[in-house]
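Engineer: Using the sequences provided together with the hints, build the complete structure.
Heads up: the protein sequence lines correspond to chains X and B, in order.
My numbering puts the last residue of the first sequence at 276; the count rises by one with no breaks.
My numbering puts the last residue of the second sequence at 1278; the count rises by one with no breaks.
Since the hints were made in silico from the structure, they are not lab data.
Idealized CB from N, CA, C, for every residue including glycine.
A portion of the hints provided could be inaccurate.
[As the list claims (entries may be wrong)] One side only, chain X facing chain B, incomplete, derived with CB under 10 Å:
#	residue
1	Glu165
2	Ala168
3	Leu171
4	Met172
5	Tyr175
6	Ser177
7	Thr181
8	Lys185
9	Val186
10	Pro189
11	Ala190
12	Leu192
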Amino acid sequence: MNPRALGEGMTATSSRRRTRGRIAYYLPAIAVFLGGLALWELAVRIFSIERFLLPAPSAIAGAFADNAEELLNAGLTTLVEAAGGFAIGLIAGLVVAFLTARFAFARGALMPFAIAANAIPIVAFAPIANSWFGIISPLSKMMIVALLVFFPVMINVVRVLTSAEPAALELMRSYASSDWTVVRKVRIPAALPYFFTALKVSATLSLIGAIVGEYFGGASEALGRIIVENAAFLRFSTAWAAIIIAAALGIAFYLIIVALERLVMPWHASVRGREV
Amino acid sequence: MHRAPDPIVRMESVEKRFNAGGATTAALSDIDLRIRPGEFVSLIGPSGCGKSTLLRIIADLIEPTAGKVEVNGKAAARARHDRDYGMVFQAPVLFDWRTIEANVELPLEVMGVARGERRRRRDEMLALVELSEFGAYYPWQLSGGMQQRAAIARALAFEPKLLLMDEPFGALDEMTRERMNDELLRIWERTGTTIVFVTHSIPEAVFLSSRVVVMTPRPGRITSLIEVDLPRPRNEATRESEGYFELVTAVREALRTAHGGTIPEAAPLVSDEPAGIG
Chain X
1 MNPRALGEGM TATSSRRRTR GRIAYYLPAI AVFLGGLALW ELAVRIFSIE
51 RFLLPAPSAI AGAFADNAEE LLNAGLTTLV EAAGGFAIGL IAGLVVAFLT
101 ARFAFARGAL MPFAIAANAI PIVAFAPIAN SWFGIISPLS KMMIVALLVF
151 FPVMINVVRV LTSAEPAALE LMRSYASSDW TVVRKVRIPA ALPYFFTALK
201 VSATLSLIGA IVGEYFGGAS EALGRIIVEN AAFLRFSTAW AAIIIAAALG
251 IAFYLIIVAL ERLVMPWHAS VRGREV
Chain B
1001 MHRAPDPIVR MESVEKRFNA GGATTAALSD IDLRIRPGEF VSLIGPSGCG
1051 KSTLLRIIAD LIEPTAGKVE VNGKAAARAR HDRDYGMVFQ APVLFDWRTI
1101 EANVELPLEV MGVARGERRR RRDEMLALVE LSEFGAYYPW QLSGGMQQRA
1151 AIARALAFEP KLLLMDEPFG ALDEMTRERM NDELLRIWER TGTTIVFVTH
1201 SIPEAVFLSS RVVVMTPRPG RITSLIEVDL PRPRNEATRE SEGYFELVTA
1251 VREALRTAHG GTIPEAAPLV SDEPAGIG
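Structural biologist: Written out as structure tokens, the structure is:
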């Protein structure tokens, strides 16, 4: 029997069973999350912890409700900066990776600078980027993000592009295939898992980069600004609400990449997961 | 039996030296070999005798230092460009990101064969290696023996006249290996493809071949050619026949005398040594 037909003929029962399995899988995490929130709320009330040390979840929720519009707009600003910088860093990383993999001279010429760029502490670069690209312009934050994203993408892609399995190359040679065919049919697919690893790392890094950039100044409706300014005026509930939005955005960004990974490489070990 | 047609592989005075750090090693020396169309020829010898190197020279994956190599009546490089041979390695070298079907279609894709034709051929080949039910699977879902069968289907997909196999069953357990040997003979008889087969298992070489080429190391050279005239089709009875044991002994002795008659591990009955350059 054709196994593909078997897959299509998946019955309602088995898909329901799978949903139930998934809930069972996440249940402990959900329980820990809710339990943690309850403990936090209780601890703050019982020990009367000062608001500026640790606001209770209910206080944070209140701050969120009071400033919802401002917080969401700020989240959007930061997300645009993070995503824009992510795209710039990604493209730059890929271009440099392909150049260094294809041309030996590019490896010698570009690699040292790529490594040097990676060695720059991002906190040191942020104020300079702000003055170079305009403190108010989102571009300054994007460049900070791009610098963070560039390196993991570049180094991961170069590594696989230059290190294909010798037997795979011999096989392709036995078919008298062109270099370009080898790139398309072997090197790029083999690089994909590493590429996605880099993207997952970069997704989280990009939000960190954007917020660090904002700490050093910029338009006031941005998560980094809201955290800095509210903390300065001891409005910690609002600062916490902004932090939680930042975390949620980071997680959402990461999950989008994971979803994309599943779509692009259903064959890969990281995707095989719990199925079958 | 044959009407002595032109050889499909012709090697004359082939030599191969490798340079490593200023030192030159002679990997192959004085190789003269003719393989007739339809033959099943095994190259056997201990690790380091250059049998894999010899196979790669036929495949034009390595260039000889001296000598002449013709495949299908043309220079080896021309034959590679004309896709006159299929190759099977010790590892299956299936691509993880392709299903078994797509892996088998790979050479056809590279050669620009139209989609419908590609499908027809891969279905035919999967049927030939008895993997029809597993076309939609990914390589990691299959056992080692099944993966190697898929690799054979891929090598035969474009119907090459010559099949080059570099210790294809070396990584398999003995039971699976024997079953694969049976299947390979069935495929060989069905397709009429000429097979050049590298191995360091004497029983395997005798069971499969119409001719066994015995090689010795340092430098790798051919020391004897042993005709295997066991009746076909070969099967379990062949493995228990007297003629088979006599030929196994003959090959073992050829390996031993070639090796100076002193080193017993030169001729393992069942070898479990890891594959080297061979």
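Engineer: Hints first: check each against the structure and report whether it holds.
Structural biologist: Consistency of the hints with the structure:
1. Glu165: holds (7 Å)
2. Ala168: holds (6 Å)
3. Leu171: holds (5 Å)
4. Met172: holds (7 Å)
5. Tyr175: For X/Tyr175, the interface hint holds, since the closest Cβ of chain B sits about 5 Å away, which is under 10 Å.
6. Ser177: holds (5 Å)
7. Thr181: OK, holds: X/Thr181 within 10 Å of chain B, min 6 Å.
8. Lys185: holds (7 Å)
9. Val186: Holds, about 7 Å.
10. Pro189: OK, holds: X/Pro189 within 10 Å of chain B, min 4 Å.
11. Ala190: holds (8 Å)
12. Leu192: Result: holds, 7 Å to nearest chain B Cβ.
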